[in-house]
Amino acid sequence: MKHALKVARYTVADLLRSRWLLGYAGFFAAIGWALFYFGEEPAQAIVSLLSVVLLVVPLVSAVFGMTQFYGSREFTELLLAQPIDRRSVFYGQYAGLAVSLALGFLLGVAGPFLWYGSGHGEDLGPLVALLVSGVLLTAIFTALALLAATLTDNRLRALGAVVFLWLFCTVLYDGLLLVVIVLFEAYPLERLLVGLTLLNPVDLARIVVLLRLDVAALLGYTGAVFEQFFGTAAGLALALAALVLWTAAPLVLAARAYRHRDF
Amino acid sequence: MITVHGLRKSFGLLEVLRRIDLAVDAGRVTAIVGPNAAGKTTFMKTLVGLVVPDGGDVRVDGVSVRRSWSYRARLGYMPQTARFPENLVLAELLAMVKDLRGTTAPYESELLRLFELGPALDRPLGVLSGGTRQKISAALALMFDPDLLVLDEPTVGLDPLSSRRFKDRLALERSRGKTILLASHVMSDLEEMSDRIVFLVEGRVFFDGSLEQIRARTGEPTLERAIARMMEGERR
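Those protein sequence lines, which keep their order, are chains A and B.
First residue of the first sequence? That's 1 in the working numbering, and the numbers climb one at a time after it.
First residue of the second sequence? That's 264 in the working numbering, and the numbers climb one at a time after it.
Since the hints were derived computationally from the structure, they do not count as laboratory data.
Listed next, the in silico BS3-like pairs over lysine-lysine satisfying Cα-Cα at most 27 Å (straight line): (1) Lys361/B - Lys430/B; (2) Lys2/A - Lys361/B; (3) Lys361/B - Lys6/A.
Computed from a predicted model, the values in this text were never measured in an experiment.
Using the sequences provided together with the hints, build the complete structure.
Shown next, in the form of structure tokens:
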């Protein structure tokens, strides 16, 4: 544990100076700044940012996590040749990656809001929900990336796997949901939809943020059911638990594969 | 000091190590030679714990490398190619490794001076040349004064001066009673430094003996010719 924290600390120190990460933070800052510049209210800006965050955060976390894993192979060998156990190296590198990406995201998104929105007595709830969701998506997709990268030595295959996963969670899953809704339109589907939403971290993150905003009313009857479910403390806790489980499960699997991996 | 017993390793269908048995005594320099893809690097990586064996075991002073990691406190490893976090500077890298090991590095300043790494201390590791990274790798392997040195083609990429200094340093370590395992294709280096030659071919120990034995067996005067003769013999 002590060793893992040390590995994480030096990984963060390295990555925070990486041009890619600065670009990532700058990207969100530029979008946030532009939204405010064109006169959007903070609540509107959050809805606009939400769609960007839900697409970009999983993709960048997955691809950056994977490339870093393969790219720092020689450095990983150096760490593994030290008197520390493999698990510390793995969790340390994961934590270092996830924390760096999360910091880039937080600074990029929160920056413009604090700049423009502070002092107006705005409700910070939606912004906090957006930040928490983004951080959890970072943790989830970095874990999935490391799972793909520990399972295969073939970069292309790992890249294919994470890109497919991203496509599945952000686009295909909603399409499949629509098919289910159309096919079974004669039945009451709300409970099923709540259940299915729990299975997709990106949808889950979307709903956690939308329910903090007035636009939830636009979701119609389903929105009301979601509100009823995820609006309660228990529902929110379940949603967060699902997101944490989405992080922990791939991470534990990856750590197990890492134990037998050759470098 | 090191006992290798029935060591096997495959990568997919490729059998890289096929039952290697070997005992390495403390305080001696053992050279691992062999044609490309003979399994030299894989063999050394199993000692360090980077490659997980399929079968058999490697023990360092009786402790299996598969179950322990603390033995690496006594080990210095120099990989074939060294790359470090690009945005850290050398001083940070050295601090990190000392921090991870939880010890001081008695030879740090001496080795930095020997390899003239002072100017690199405050420069990002990503901009350093391959030769400089190789020298850093050598310093990292030697600076903690380990009992056991595992060196995988250590002089590749070093300029003649650095190479000379590195070899002199190894001779010093040898005289201090260190156990050294050395893989190299530079036969003159091995001739100069080794007590024993282990010749690997296709994952098996093909020959194991002293320099005199290998010369006597092949009738060749130099190690390079003797090894080349053996490799030709193996092909036929």
